[in-house]
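Q: Chain residues, written in single-letter form:
There are 2 protein chains.
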Amino acid sequence: MTQTRSVYNFSAGPAMLPREVMLQAQQEFCDWHGTGLSVLDFSHRGKDFTAIAERAEQDLRDLLKIPSDYSVLFCPGGASLQFSAIPMNFLRSKALYINTGVWGDKATQEAQKFGDIVAVDALTEDQGNTAILDEAQWSQYEDDFDYVHFTPNETIGGVEYSALPTIGKGKWVADMSSCILSQPINVSDFALIYAGAQKNIGPAGLSIVIVRNDWLDRPRPATVPSLLDYSVMAKNQSMYNTPPTYAWYLAGLVFQWIKAQGGVEEMAERANIRSRALYQFIDSNDFYRNPIAPLSRSRMNIPFILNDESLNDVFLQQAEQHGLMYLKGHRSVGGMRASLYNAMPQAGVEALIAFMDKFAEQNR
Amino acid sequence: MTQTRSVYNFSAGPAMLPREVMLQAQQEFCDWHGTGLSVLDFSHRGKDFTAIAERAEQDLRDLLKIPSDYSVLFCPGGASLQFSAIPMNFLRSKALYINTGVWGDKATQEAQKFGDIVAVDALTEDQGNTAILDEAQWSQYEDDFDYVHFTPNETIGGVEYSALPTIGKGKWVADMSSCILSQPINVSDFALIYAGAQKNIGPAGLSIVIVRNDWLDRPRPATVPSLLDYSVMAKNQSMYNTPPTYAWYLAGLVFQWIKAQGGVEEMAERANIRSRALYQFIDSNDFYRNPIAPLSRSRMNIPFILNDESLNDVFLQQAEQHGLMYLKGHRSVGGMRASLYNAMPQAGVEALIAFMDKFAEQNR
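Sequence order for the protein chains is W and S.
Quick note on the working numbering: the first sequence kicks off at 74 and runs consecutively.
Quick note on the working numbering: the second sequence kicks off at 74 and runs consecutively.
Just so you know, these hints were derived from the structure itself, not from any lab.
Be careful, since some hints might not be right.
It does not matter which identical chain is meant; a pair holds if it fits inside one copy or across any two.
[To be verified] Calculated cross-link-like contacts (lysine-lysine; reagent style DSBU-like; alpha-carbon spacing at most 35 Å): (1) K120 - K186; (2) K308 - K179; (3) K167 - K179; (4) K138 - K120; (5) K179 - K120; (6) K120 - K431; (7) K244 - K138; (8) K167 - K308; (9) K242 - K308; (10) K138 - K308.
Note that the structure is a prediction, hence the values are computed from the model and not measured.
Starting from the given sequences, assemble the full structure and let the hints guide the process.
A: Rendered as structure tokens:
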């Protein structure tokens with residue numbers, strides 16, 4: 074089963090995991106560290122899994138410099154389940170949702186089930202390109218909100234804050250599904266950070282929640298499901314019930330890999346190099362176009378459009394033949410999208426650019 | 074990494090998967106069917122994962138003969154999340170919970186957050202042994218319940234109905250986490266069947282919900298989280314958000330394996346043979362004891378007690394040295410527990426009995 078060519082997966086998520094992680098996981102799939110057992114069938118309360126779980130948490134704490142007064146939770150499901158859990162736990166009066174794309178909108182819709190939400194559309198059109206509004210234009214919203222929710226990177230639109238908002242700092246709640254571990258962050262600015270695992274962390278079906286402990290004690294309604302109650306989850310070290318053990322283990326391997334590569338500073342450096350290369354190519358080639366204003370461009374998800382959209386199908390078909398997979402844009406946006414998460418090697422971006430260049434020449 | 078001895082995992086869950094499934098999954102871990110990609114990083118909306126997902130559902134439908142007017146959902150998280158979802162979706166007036174152990178009690182506690190629950194403790198002591206009460210003793214509870222919830226097999230106590238209750242047939246809601254796919258069932262008797270995957274289906278972090286379609290249209294409060302709303306899940310083919318794709322794939326491999334072995338009839342036959350052998354050994358040996366009345370004994374989870382409990386630690390230690398893992402009983406029960414799910418080969422039970430026999434002789 075040796076691969077005869079390199080294959081790169083540009084999917085927005087589930088996304089590729091680092092090659093080294095995949096090979097290690099495969100090698101120990103049926104027999105972890107000579108136990109004769111797979112991590113898949115470890116009891117979550119046994120000593121082997123406990124060690125795996127604790128190390129994963131500690132490595133994540135090290136990577137993001139998470140202060141000791143924050144809990145780290147490994148929750149079942151993806152970020153969409155947290156869209157519900159967050160207002161169920163913390164919405165008492167009203168909350169501000171600053172939205173820059175589809176996922177912020179979805180989080181808002183879910184939160185509106187549970188109380189009063191002030192939603193700001195923080196996107197604008199800037200000379201035909203999409204951009205994040207300058208904060209001055211919506212700072213009048215500042216008020217006594219329970220929390221301020223935003224999405225630092227929007228996977229579908231390919232929009233990312235170059236500088237985070239300042240409103241409500243300290244009671245920020247951020248969906249970092251598509252940018253966590255791609256750069257250093259100051260965790261203390263946030264009340265809660267959450268992320269579905271399937272982009273920069275590990276497999277789908279797990280989400281990470283980092284929450285300041287003083288928020289765990291806030292009173293909440295008796296109708297919060299136990300699995301969505303952050304206080305219950307924290308008290309039980311994320312093992313109120315059987316957690317997604319294998320996903321947790323793989324996340325731990327990814328954390329180890331990031332550490333070995335040089336940490337989130339190195340991930341940030343690589344993300345900048347990868348994304349700059351692709352944006353520069355797109356901007357310099359009149360065959361392709363990226364619809365986002367430069368200051369609001371995502372380092373993780375790069376949508377691009379062929380100026381002749383009738384070539385979309387043949388582009389995708391030929392890309393696949395070159396081992397460049399899942400480049401089709403989200404159905405709500407169309408065109409193409411290249412997701413360049415931590416696990417994407419620079420060689421993958423170079424292969425994509427080389428293919429795009431050749432395709433443009435041949436189809437001009 | 075070839076194993077030099079056989080290792081058997083008696084954990085109650087996460088539990089061992091069939092050896093053949095593990096080997097296949099390992100072999101195609103980094104390259105599924107020559108795609109050069111892992112199932113782990115398939116987009117859940119791509120054609121490869123769609124085929125995997127659809128086949129898994131069809132195989133489960135075939136195995137359990139699920140009628141076409143039932144939906145099959147692949148949900149994130151374990152059964153405990155469904156403890157909340159079920160009353161959130163279906164509890165309007167009141168529901169009956171017939172409880173035979175810890176998990177039924179937990180389901181009840183969660184349901185009580187959302188409305189009026191009549192809970193029946195259907196366990197009794199029968200000459201020092203635990204037994205399920207005869208239904209005649211609680212049939213007076215029959216009334217106009219929204220649904221009747223029970224747990225056909227209780228993992229912790231090792232208690233299983235030899236014949237299901239008859240009360241409320243048609244509006245049964247059953248937690249089959251530890252017995253699904255271990256015998257034929259008549260799905261039409263149930264409004265909803267649910268099961269955490271990590272015992273007889275696949276890895277932790279996934280649960281299966283089988284629900285009659287006419288129940289999906291019942292009105293429910295606007296405050297049900299989307300991911301816990303069975304109607305939303307069904308309309309989106311369990312892909313309202315990114316599902317736990319790898320767990321879904323492994324579940325599919327297990328379904329294929331069960332089919333190849335001869336289906337749930339064959340699983341039932343093997344479960345009977347496995348469990349009978351162990352109960353017969355325990356009953357015939359005055360060194361060990363099983364605290365459940367014969368008619369209420371589980372085929373899946375067999376707790377047993379060493380009459381001299383001071384030997385517990387040395388028993389567990391020596392069992393591990395013989396490759397017999399995770400035999401420690403649940404902390405609420407003590408003693409030992411051998412879980413014998415579908416993936417446990419007969420040779421595992423025989424190895425356990427041989428060890429227990431030898432241990433008894435040496436420590437009498």
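Q: Now tell me, hint by hint, if it's right for this structure.
A: Hint check results:
Only between protomers do K120 and K186 lie at most 35 Å apart by alpha-carbon distance; the minimum there is 34 Å, versus 41 Å within a single protomer. Taking identical chains as interchangeable, the C-alpha atoms of K308 and K179 lie at most 35 Å apart whether they share a chain (29 Å) or sit on different chains (17 Å). Both within a single protomer and between protomers do K167 and K179 lie at most 35 Å apart by alpha-carbon distance, with minima of 17 Å and 32 Å respectively. Taking CA atoms no more than 35 Å apart as the test, K138 paired with K120 passes inside one copy only; the shortest distance there is 26 Å, against 40 Å between copies.
Taking CA atoms no more than 35 Å apart as the test, K179 paired with K120 passes between copies only; the shortest distance there is 25 Å, against 39 Å inside one copy. Proximity of K120 to K431 under the C-alpha cut-off of 35 Å is restricted to the inter-copy arrangement: shortest distance 27 Å between copies versus 54 Å within a copy. Proximity of K244 and K138 under a CA criterion of 35 Å is satisfied intra-copy only: 18 Å inside one chain copy versus 51 Å between copies. Proximity of K167 and K308 under a CA criterion of 35 Å is satisfied in both settings, with 27 Å inside one chain copy and 31 Å between copies.
Proximity of K242 to K308 under the C-alpha cut-off of 35 Å is restricted to the intra-copy arrangement: shortest distance 26 Å within a copy versus 38 Å between copies. With identical chains, the CA atoms of K138 and K308 are at most 35 Å apart within one copy only, with a shortest distance of 22 Å there and 41 Å across copies.
The structure shown violates none of the earlier numbered hints.
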